[in-house]
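**Q** Given chain A's structure and the hints, the job is docking chain B onto it.
Chains as they are written, first to last, in our numbering: chain A, 1 to 185; chain B, 1 to 185.
You may find that some hints are simply not true.
Pairs involving identical chains hold if they fit within one copy or between any two copies, as the list cannot separate such chains.
Calculated pairs, EDC-like style, for lysine to aspartate or glutamate (alpha carbon to alpha carbon, straight line, at most 20 Å) [stated by the list, open to error]:
1) K129 to E28
2) K92 to E138
3) K129 to E158
4) K67 to E28
5) K67 to E34
6) K67 to D23
7) K92 to D50
8) K67 to E39
9) K129 to E141
10) K92 to D53
11) K67 to E138
12) K144 to E78
13) K67 to E78
14) K144 to E158
Honestly, the hints are just simulated from the structure, not real lab data.
Number of protein chains: 2
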Amino acid sequence: MGAEVTVASQRVYEGRLINLRVDTVRLENGRLTEREIVEHPGAVAVVALDEGDNVLLVRQFRQAAEKDLLEIPAGTLEAGEEPIACARRELKEETGYRAESLEQIGSFYPSPGFCTECIRLYLAIGLHKGPSVPEDDETIETIKVPLSDIPTMVSRGEICDGKSIAGLLSVLLLRHSLDFSAHCS
Amino acid sequence: MGAEVTVASQRVYEGRLINLRVDTVRLENGRLTEREIVEHPGAVAVVALDEGDNVLLVRQFRQAAEKDLLEIPAGTLEAGEEPIACARRELKEETGYRAESLEQIGSFYPSPGFCTECIRLYLAIGLHKGPSVPEDDETIETIKVPLSDIPTMVSRGEICDGKSIAGLLSVLLLRHSLDFSAHCS
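One chain only, chain A, in its complex shape:
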């Protein structure tokens, strides 16, 4: 596919978390069209597993969804912050846990049709509990659920956050593949 050529760009909003711009682009067929682009600094999300193979989930009210959602710990990159430092910070702030090992296992665009956000996905193991220190505007409850319960929770709609589904199923599928080759071949 050929890239679209940006011929004009107008910033229409500058906010606290996001900016919004409208790009005029020339398509491959020569026509012009507009693309509304939400500019986002990027984020991290963390699949954190304890020794009993339980995963940490956080429950918080989401104004955009108008309800509480159950998600993996996650948060937005601060200016100049390294993604792994952000993952360590968000895990600590939201759940109180620190991890002996924090490894990036993937990255993805949650909404590439209109938003620049890229989420780096981390796997955290070797968890140690301390006090949680949520940000001033966050009210967060942490729960632990067996990783093996995740498929049922997703299929029942109890987990309906896209990054959490993508992150948790990535880890599960890796496990399944390993189990599968170990047990079935």
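**A** Same frame as chain A, now just chain B:
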């Protein structure tokens, strides 16, 4: 978690695909804060499997990601459109295929931290090929890949669209679970 109470809301942008509003909300602790909310009409995404267990993927340039992405067929609900009609329309427009069976298998919020978008996920089987009819501003290439290749493609970053990872791994995990109980119990 208690809901946040919206005490003021200002629409700062009305666009073609999205609107943007800034809500002032009262938190549980009584403090006021602002939430930037991208209003989105909602969307559908389709995991389409042929008789050989190949999945249809579409490749298109994404201005927000500044590159081509490989995704499952998907698109935004038109005004008053039923989600299943949207799934049928987008599958046809983007790939040319129609499906004998189109079943909703889940739904999720791709970016609930700031966007109202909810994506309904469909499984399409019984595929029949016709001409694709992409929208005027879309340039789309359709490819077929074995469903069994998806985990490798995700882990290599060849698929890095969140809805596609969530949708494809949901279908794969369901398969794995079935295979697992069939072959290993």
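**Q** Now tell me, hint by hint, if it's right for this structure.
**A** Verification of the supplied hints:
For the homomeric pair K129 and E28, neither the shortest alpha-carbon distance inside one copy (54 Å) nor that between copies (25 Å) is at most 20 Å. Taking the shortest alpha-carbon separations for K92 and E138, only the intra-copy value of 13 Å comes in at or below 20 Å, while the best inter-copy value is 43 Å. In this homomeric assembly, K129 and E158 never come within 20 Å of each other (Cα to Cα): the closest approach is 25 Å inside a single copy and 36 Å across copies. Taking the closest pair of Cα atoms, K67 and E28 come within 20 Å of each other only across two copies (14 Å); inside a single copy the shortest separation is 41 Å, beyond that limit.
With identical chains, the CA atoms of K67 and E34 are at most 20 Å apart between copies only, with a shortest distance of 17 Å across copies and 32 Å within one. With identical chains, the CA atoms of K67 and D23 are at most 20 Å apart between copies only, with a shortest distance of 15 Å across copies and 33 Å within one. Taking identical chains as interchangeable, the C-alpha atoms of K92 and D50 lie at most 20 Å apart only when both belong to the same chain, with a minimum of 14 Å there against 45 Å between chains. Taking CA atoms no more than 20 Å apart as the test, K67 paired with E39 passes between copies only; the shortest distance there is 15 Å, against 25 Å inside one copy.
In this assembly of identical chains, K129 and E141 lie within 20 Å of each other by CA distance solely inside one copy; the values are 14 Å within and 48 Å between copies. In the homo-oligomer, the alpha carbons of K92 and D53 lie at most 20 Å apart inside one protomer (19 Å), although the nearest pairing across protomers, at 42 Å, exceeds that limit. Proximity of K67 to E138 under the C-alpha cut-off of 20 Å is restricted to the intra-copy arrangement: shortest distance 14 Å within a copy versus 34 Å between copies. In this assembly of identical chains, K144 and E78 lie within 20 Å of each other by CA distance neither inside one copy nor across copies; the values are 27 Å within and 39 Å between.
Taking the shortest alpha-carbon separations for K67 and E78, neither the intra-copy value of 26 Å nor the inter-copy value of 24 Å comes in at or below 20 Å. Taking identical chains as interchangeable, the C-alpha atoms of K144 and E158 lie at most 20 Å apart only when both belong to the same chain, with a minimum of 14 Å there against 31 Å between chains.
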